[in-house]
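Undergrad: Read off the chains here:
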Amino acid sequence: MTDTLQVSNDSPSHKSSSKQLQFGVVQFPGSNSDQDCIHAVETMGHRAGYLWHKETQLGNLDAILVPGGFSYGDYLRAGAIARLSPVMKAVADFAENGGLVLGICNGFQILCEAGLLPGALIRNRSLQFRSEFVHLRVVHDQSPFTSQTPEGTLLRVPIAHGEGCYFADQETLQEMKANRQILWQYATADGALEDHANPNGSVEHIAGICSKHGNVAGLMPHPERACQNLIGSQDGQRLFSGIVDHLTQSS
Amino acid sequence: MPESPITPALIQQHNLTPEEYQLILEQLGREPNLTELGIFSVMWSEHCSYKNTRPLLKGFPTRTPRVLVPAGEENAGVIDIGDGLAVAFKIESHNHPSAVEPFQGAATGVGGIIRDIFTMGARPVCAINSLRFGNLDSAEVRRLFRGVVAGIGHYGNCFGIPTVAGEVFFDESYEGNPLVNAFCLGVLRHEQIARGAAKGIGNPVFYVGPATGRDGLAGAAFASQDLTEESASQQRGAVQVGDPFMEKLCMEACLELLATGAVAGIQDMGAAGLTCSTCETAARGGTGIEIELNKVPQRAPDMTPYEIMLSESQERMLIIVHKGREDEVKRIFDKWDLPWSEIGMVADHGRMIVRNHGITVADLPAAKLADEAPIYHREAVQPAYLETTRQWRPDQIHDTQDPESDLMALLQSPSIASKNWVFRQYDYTVRNGTVVKPGSDAAVIRIKKDSLPDLPEDAPNRHAEVPEKFLAMSVDGNGSYVYLDPYEGGKSAVVEAARNLACSGAVPLGTTDNLNFGNPHHPELFWQLKEAVRGLADACTHFEAPVTGGNVSLYNQNPRGAIDPTPTVAMVGLIEKPEHITTQWFKDAEDVIILLGEAVDAQDACQGLGGSAYLKLKHGLKTGLPPRCHLDREKSLHGALRGWIAQGIVKSAHDCSEGGLAVALAECCISGEKARHDPHLIGATINLMGQEGLRLDSLLFGESQGRIILTVPQAFQGKCLEQAKILGIPAQVIGTTGGDHLSIQVQDKSYRWSVGQLHDGWFNSIHRIMDA
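Just so you know, the sequences run in chain order L and R. Here my numbering is used: the first residue of the first sequence is 1338, the next is one more, and so on. Here my numbering is used: the first residue of the second sequence is 89, the next is one more, and so on.
Don't read these hints as lab results, they were simulated from the structure. Some hints here could point you the wrong way.
[Unchecked claim] Computed footprint of chain L on chain R; a stretch qualifies when at least three of its residues, placed anywhere within it, have a C-beta under 8 Å from a C-beta of chain L:
(1) 517-524
(2) 760-773
[As the list claims (entries may be wrong)] Ranges between beta-carbon positions, derived for each pair:
(3) His765(R) x Gln1359(L): 37 to 43 Å
(4) Trp1389(L) x Leu156(R): 52 to 58 Å
(5) Gly778(R) x Leu1464(L): 49 to 55 Å
(6) Lys665(R) x Lys1514(L): 45 to 51 Å
(7) Ala1529(L) x Gly160(R): 34 to 40 Å
(8) Ala1529(L) x Glu664(R): 41 to 47 Å
(9) Gly827(R) x Gly1435(L): 53 to 59 Å
Don't be surprised by glycine CBs; every beta carbon is placed ideally from N, CA and C.
Based on the sequences and whatever the hints tell you, model everything.
TA: Structure below.
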């Protein structure tokens, strides 16, 4: 492994198209990866602004990111209170109309609590917070969020969560599989799905999923923290590339 | 309500001596009431007043041209990092609370230090910590360790600050007295520095943050006493309860408020809560302050003035606002849904006047309370045990017959083993600034625009680009060394930190220290403190790394005895360019391994074995003279290393410390990590030639200072050695990287370990103990 920090190569992996996209990053009290989402979008050559939780109007946005953190201190249950915020109604409407919404970590928890994604996130099997880089295996590239990553692509991204164990009952899982809703799974460096590669015990090693209609996705790992080699990995940009590609194609 | 008369028993319960009470009578010209007695007891506790240590701390170097706010002036020191940017940083302890309630004790320690940073107007961007516990074979120690790590993770992760480095040591002397030293660093522009002074007569004083309760009552006084068998049950009430979510909101609101220019002064309510913040801000401002307790938000019923003034409920700030700008506070704190209350005003009489429903419950001179605690020049006597320990020489033990087992044992010993069990519980990637995560000699973070607090809406430079900065930091200390020679041990804590920074490519900027010692009334323990501070001061001066602030934690002992004297040193350095950022693990095969520095210090009668981890583990001894620090040689070595790094020829750099050369080499082979269960393992073939006459244990496991393991591409070997010769730095090629074994040849003997085996033992040791 050549560990020379490729600091001069941190250009956006996606050539910026003529249209500069505008992302909205929802900001709850206690969100702490919100600025990282903005940073990630900017490394892609696009723009992002905050959406304060009390807002009910989104403005003209191309996509929405629901960031990581401890919204409302994880009081009651992670994401349980955030999903009741005024802004979430607007986010739900946006999703209803086919808008792209990506929930990361606490964002994923909030989307599940809000019913925009199936299943739930529960406490890590180890009962401890887990912070480390993991390998994610892309399940298929038929989603806007994975269109730039062919099936089997491995992405090295960090996780940082205490309640990241994805759970859904068998019936829901069957349905999700039928609809190709599982997008990312924890894997070994060789792409194998093994228990020891799974940091939180999630069912079927699920790291991230999408909704039935495919425009809402959520994942526990942090692609927005993997947008520069300088800070450990640039693989996260490949996920955002999918979003960008989808939006610039359809515009 | 009838006031209790002040009895001698009451005075003693408040940890005040009869002489100190006499001084109070003189200062006031009358007897204090109970509330006032409580106020004096916390303000004059060791924790708040440093009454036993102030004379010693004067020896620290505190100024270089980069120092913007020096030690002692405010809650944290501030150092310039160029381009109009600066950093505020400090380390503080929360030892006593962690001993009785490890989770909350550690959590609130983190909360407290974070507040000290944002009260300076800086945005906190990273944390590190230094922890010490007894031996892990004790279930009680495991409980404390588990709780402390969980508490630190809980607070830092929820607040949203990456915990990027640290150290953890285990030694029987810390049994019952864990050490939890928490460091935080924040960033700001020069013009954003905020001060904790009550300025402007007539300015309103605001309380912001959660309501006040009975938690943490008189925590400062508790911290200033020895722990006893009863401490756990009796003192649990003195442990504060933290809410990192509240702190995050409070910080955002405070930084937003500071950007409006409405703030005249700001101070966090930490130790001694409302008491300390009011009298200190008044003292700094040269003013007086008047507050009304019935306006203080309270979350417990029927709180007395005594309780309100001494409560250490967390996440509260005192803010002095320019008259006429009160609406800014209300607007911003309502936006963040945080409680606020206007509780008083700045006055011109120099007194701290506290009223409750119109009745005066305390009326004290602010400056005297804050600045005129008695100062003690304690007796210092060289400890008797040193007569024995200084006599020890290596000829009293057999040389090792089995270095292969020795190395495995050292790598698995909890103090040396990988600390991933700890730091995988800490979010270290949040804020997108962690360039070198936990696991290398020093952490390296990247500062960018969003690391800074926002500028005012109308600031002309609000949208200006901010050049990226790279900061390295490390926290170091060795209690065994300090026990065996406090002066040398103090020096070596600083030297090790500077060496770790050099290995990451950084130049030291400044230092913060946490002095963890026993009861200062014991002349032998006070001597340890005095000598250690002298060593720290000499080394900080030599490396031009001024002390910007720090913390003293005394009374770290229980009936079984005192801890090893343990000063911990956190040092912050600046790396000029991202290309200079260097990590400790071997990178590629076929690189040349160079040992810089003398393999074993020829001037050390104990040949690097005194106070060493090897001596303790293999022979059960904590004795001898710790390795000497040669400050000139170290400085020269670090400078040379930075030079080679700048030339672009250094692939990795790792210094030798606990466990010596063999441990350091093993760490170079096994400490790289790509991802979960995906380590970067790379072997090495080592030949330690020209080491005749040296003991094997001294060569492999001795802890002589001033040694760094470097790798360079083969093409640069000659250049590096040539330049080292010119600079007078000992340098020898000791081997080549590659393969899946570490093999070390000494004379005609060869020792070999598979990197997989080394890694497994080192990486999983603590996990196997804790998760069994």
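Undergrad: With reference to the structure, classify each hint as holding or not holding.
TA: Now for the hints, and whether the structure bears them out:
{"no.": "1", "hint": "517-524", "verdict": "holds (count 7)"}
{"no.": "2", "hint": "760-773", "verdict": "holds (count 8)"}
{"no.": "3", "hint": "His765(R) x Gln1359(L): 37 to 43 Å", "verdict": "39 Å, holds"}
{"no.": "4", "hint": "Trp1389(L) x Leu156(R): 52 to 58 Å", "verdict": "34 Å, violated"}
{"no.": "5", "hint": "Gly778(R) x Leu1464(L): 49 to 55 Å", "verdict": "53 Å, holds"}
{"no.": "6", "hint": "Lys665(R) x Lys1514(L): 45 to 51 Å", "verdict": "49 Å, holds"}
{"no.": "7", "hint": "Ala1529(L) x Gly160(R): 34 to 40 Å", "verdict": "58 Å, violated"}
{"no.": "8", "hint": "Ala1529(L) x Glu664(R): 41 to 47 Å", "verdict": "42 Å, holds"}
{"no.": "9", "hint": "Gly827(R) x Gly1435(L): 53 to 59 Å", "verdict": "56 Å, holds"}
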